[in-house]
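Engineer: Each chain, letter by letter, is given below.
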Amino acid sequence: MKRLLLPLLPAIMLFPSTLLALDLGVNGTTIVRYEERSVPGFDKKTMVPATQYLGVDVGKAADGHLSFHMYGWGRVDGADQSTPRDSSDTALSYGYLDYQSPKGNAEVKVGRQYLYEGGVVEQLDGISARSDLFQQYEGFALSAFAGKPVKTDRVDDHKGDLLAGGRLSYRVAGVTEMGLFLTHENGAAAYQYDKSTNSATLVKDNREQAGFDVLYTLNRLVELNGRSLYNLSLKEFAEHSYVITVKPVAGLSLSGSYNQHQFKGYFASASNPFLFKPYDADEEASYSGSASYALNTATELTADYTYYDRKTKGTSARLGLGGRFTLLGGKLKTGLDYHRLNSAKGMNSYHEARGFALYDPGRYYASLDAIAQRYDDPLPYLNTSKIAYEITASSGYRLKPWLLLSGDLSAGANPQYGDQVKGLLRLTFAYTTTTGGVGR
Amino acid sequence: MTVRSFATIAAVLATILVTAACSIFSPESSFAPTHPEALPAGRPLCSDCHEGSQLKGALKPYATFDHTADFVKGHRFAAGRDAQVCGVCHAQSFCADCHAGKTELKPSLKLGNRPDRELPHRGDFLTLHRIEGKIDPTSCYKCHGRANNEKCMTCHRR
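Listed in order, the protein sequences are those of chains L and P.
Position in the first sequence (from 1) plus 300 gives the number in this note's numbering.
Position in the second sequence (from 1) plus 11 gives the number in this note's numbering.
One thing to keep in mind: the hints can contain errors.
Claimed, not checked - Restricting the straight-line Cα-Cα distance to at most 25 Å, the calculated cross-link-like pairs of lysine-lysine (PhoX-like) are:
(1) P:K67 - L:K403
(2) P:K67 - L:K360
(3) P:K67 - L:K345
Claimed, not checked - Derived coverage of chain P by chain L (criterion: at least 3 residues anywhere in the stretch with Cβ under 8 Å from a Cβ of chain L; other residues may be distant):
(4) 36-44
(5) 72-81
(6) 111-125
(7) 131-141
(8) 151-164
Quick caveat, the hints were computed from the structure, so don't treat them as lab data.
Predicted model only: the values in this text are computed from it and were never measured.
C-beta atoms are modelled at their ideal positions from N, C-alpha and C, and glycine is treated no differently.
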């Protein structure tokens with residue numbers, strides 16, 4: 301895929317005449333970082349990596365229904381190596397042709413793409429299609445996809461060689477939507493983890509998941525969102541996730557949610573079973589409540605509480621309060637947050653506070669962002685400090701409406717690296733031949 | 012389910028689709044592939060402009076897509092139902108800033124000029140994640156479970 305698309309780029313650039321009739325969007329971000337890292341016992345390292353993100357969108361071919369979209373990035377290191385593996389790296393995030401039919405919201409995408417269908421979340425090299433089926437006020441919609449899953453850099457990433465699936469949904473206008481979805485990945489590994497021997501055993505050489513999702517709305521007052529995910533390869537539930545939101549008066553929103561995961565079913569096909577251990581004795585449940593109140597268009601206050609219950613580690617609770625304040629007719633945005641995590645026995649607890657301000661009158665902007673954690677105890681194997689903080693100042697100037705030059709400077713200290721100063725320069729451009737929404 | 016039964020189901024579905032194509036697909040006109048109107052900065056409340064109406068095709072009130080704090084927190088549900096609606100305004104690269112299968116920069120570093128956005132992992136997350144990862148590793152799996160995690164492997168080999 302990458303080999304196919306990269307040579308295409310100069311071709312696209314060289315023959316603009318053929319593209320005159322088309323919408324063209326090119327966007328990108330160039331980031332040059334500067335970081336000094338000193339870990340006691342190791343040589344001091346200076347890192348100056350440069351990263352380039354590039355997106356190209358070509359729209360409105362074939363009577364306006366066909367378009368092409370791609371996005372990717374590359375990095376080269378100046379000075380010392382910034383990652384353990386290589387001094388340069390690239391990735392193609394996506395590159396696909398998109399046909400959108402004028403009828404029935406039918407759409408076909410061919411190439412590398414991200415897929416979100418119910419509980420299906422994949423990066424695919426292949427084809428996907430969807431359409432509404434005979435519907436007006438209620439009806440079915442169908443989507444399907446097939447291809448190869450995008451591999452990671454690890455040789456053994458437990459991904460397969462064929463990925464296919466789809467989702468069938470039924471909707472009643474303004475009331476409900478229910479969906480059933482299915483994925484099959486041929487050749488993907490499903491592992492199980494044994495704690496006593498710290499080993500992972502292969503139990504199936506495919507990954508198959510099925511699930512159900514639901515939306516139910518009642519007079520715009522109550523909204524229920526949820527889904528359940530079942531691991532067919534292992535005959536084990538993987539996930540239940542349900543949220544109910546109530547909006548009793550304008551501006552006030554209250555929500556309650558329940559999430560539950562079986563590690564055996566959910567983590568079975570993790571790329572690294574030692575990072576996400578598919579241990580059959582472990583499961584996680586969390587219950588949370590949150591409230592947000594928009595006093596007016598300028599002030600929003602939030603509160604949230606979550607109770608976590610991890611079977612093998614015990615229970616924890618998090619409480620948070622926050623506010624967002626917009627001043628000077630939208631030119632100044634500020635925010636304040638406080639969180640407290642009371643962890644299960646044997647884990648560290650901490651306080652966290654954050655504040656930011658962003659002033660953007662148009663031609664230039666300036667912002668300040670500060671975040672700090674205070675741990676109850678020092679962290680094992682790190683320095684004895686119980687405090688971590690980072691303050692970032694950022695400012696930029698719009699050379700052209702589509703070209704922004706900005707820089708960030710941050711200073712801080714933390715138990716991992718001690719004192720740290722980092723900086724970066726960023727050039728962001730987003731050029732389109734139309735005012736329409738090609739690439740955002 | 013075996014590969015064979017899966018292939019059979021897929022083949023049957025495909026046959027049904029192709030033969031019934033003309034009569035089964037909705038003849039309603041599609042919604043616009045890109046948002047026709049420029050939006051002011053910040054998160055949009057769709058119902059401010061699309062008052063009281065339904066987003067045709069999605070068969071839901073526009074209010075369902077209002078970008079409130081709750082919507083942003085639970086956007087996974089709307090994304091799983093109506094990814095095509097998201098595509099009206101968002102390029103996939105917008106999502107990939109937080110959801111890339113392979114990327115190196117933390118979202119809060121790439122977008123250090125946007126402290127007003129809801130970006131994960133602000134500040135010293137390398138220390139903090141030792142706690143957060145243990146409290147609930149399932150919340151991390153969503154983005155890191157099957158992604159390119161070379162950076163993590165320096166410490167999480169076994």
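Engineer: State for each hint whether it applies.
Structural biologist: So, going through the hints one by one against the coordinates:
1. P:K67 - L:K403: Distance of about 12 Å is within 25 Å: holds.
2. P:K67 - L:K360: holds, 22 Å
3. P:K67 - L:K345: violated, 56 Å
4. 36-44: It holds: at least three residues are needed, and the segment 36-44 of chain P offers 8 whose Cβ sits within less than 8 Å of chain L.
5. 72-81: Holds, because 6 residues of the segment 72-81 of chain P bring their Cβ atoms closer than 8 Å to Cβ atoms of chain L.
6. 111-125: holds (count 11)
7. 131-141: Answer holds; 7 residues pass the 8 Å Cβ test.
8. 151-164: holds (count 13)
In terms of the numbered hints stated before, the structure departs from hint 3 and from no other.
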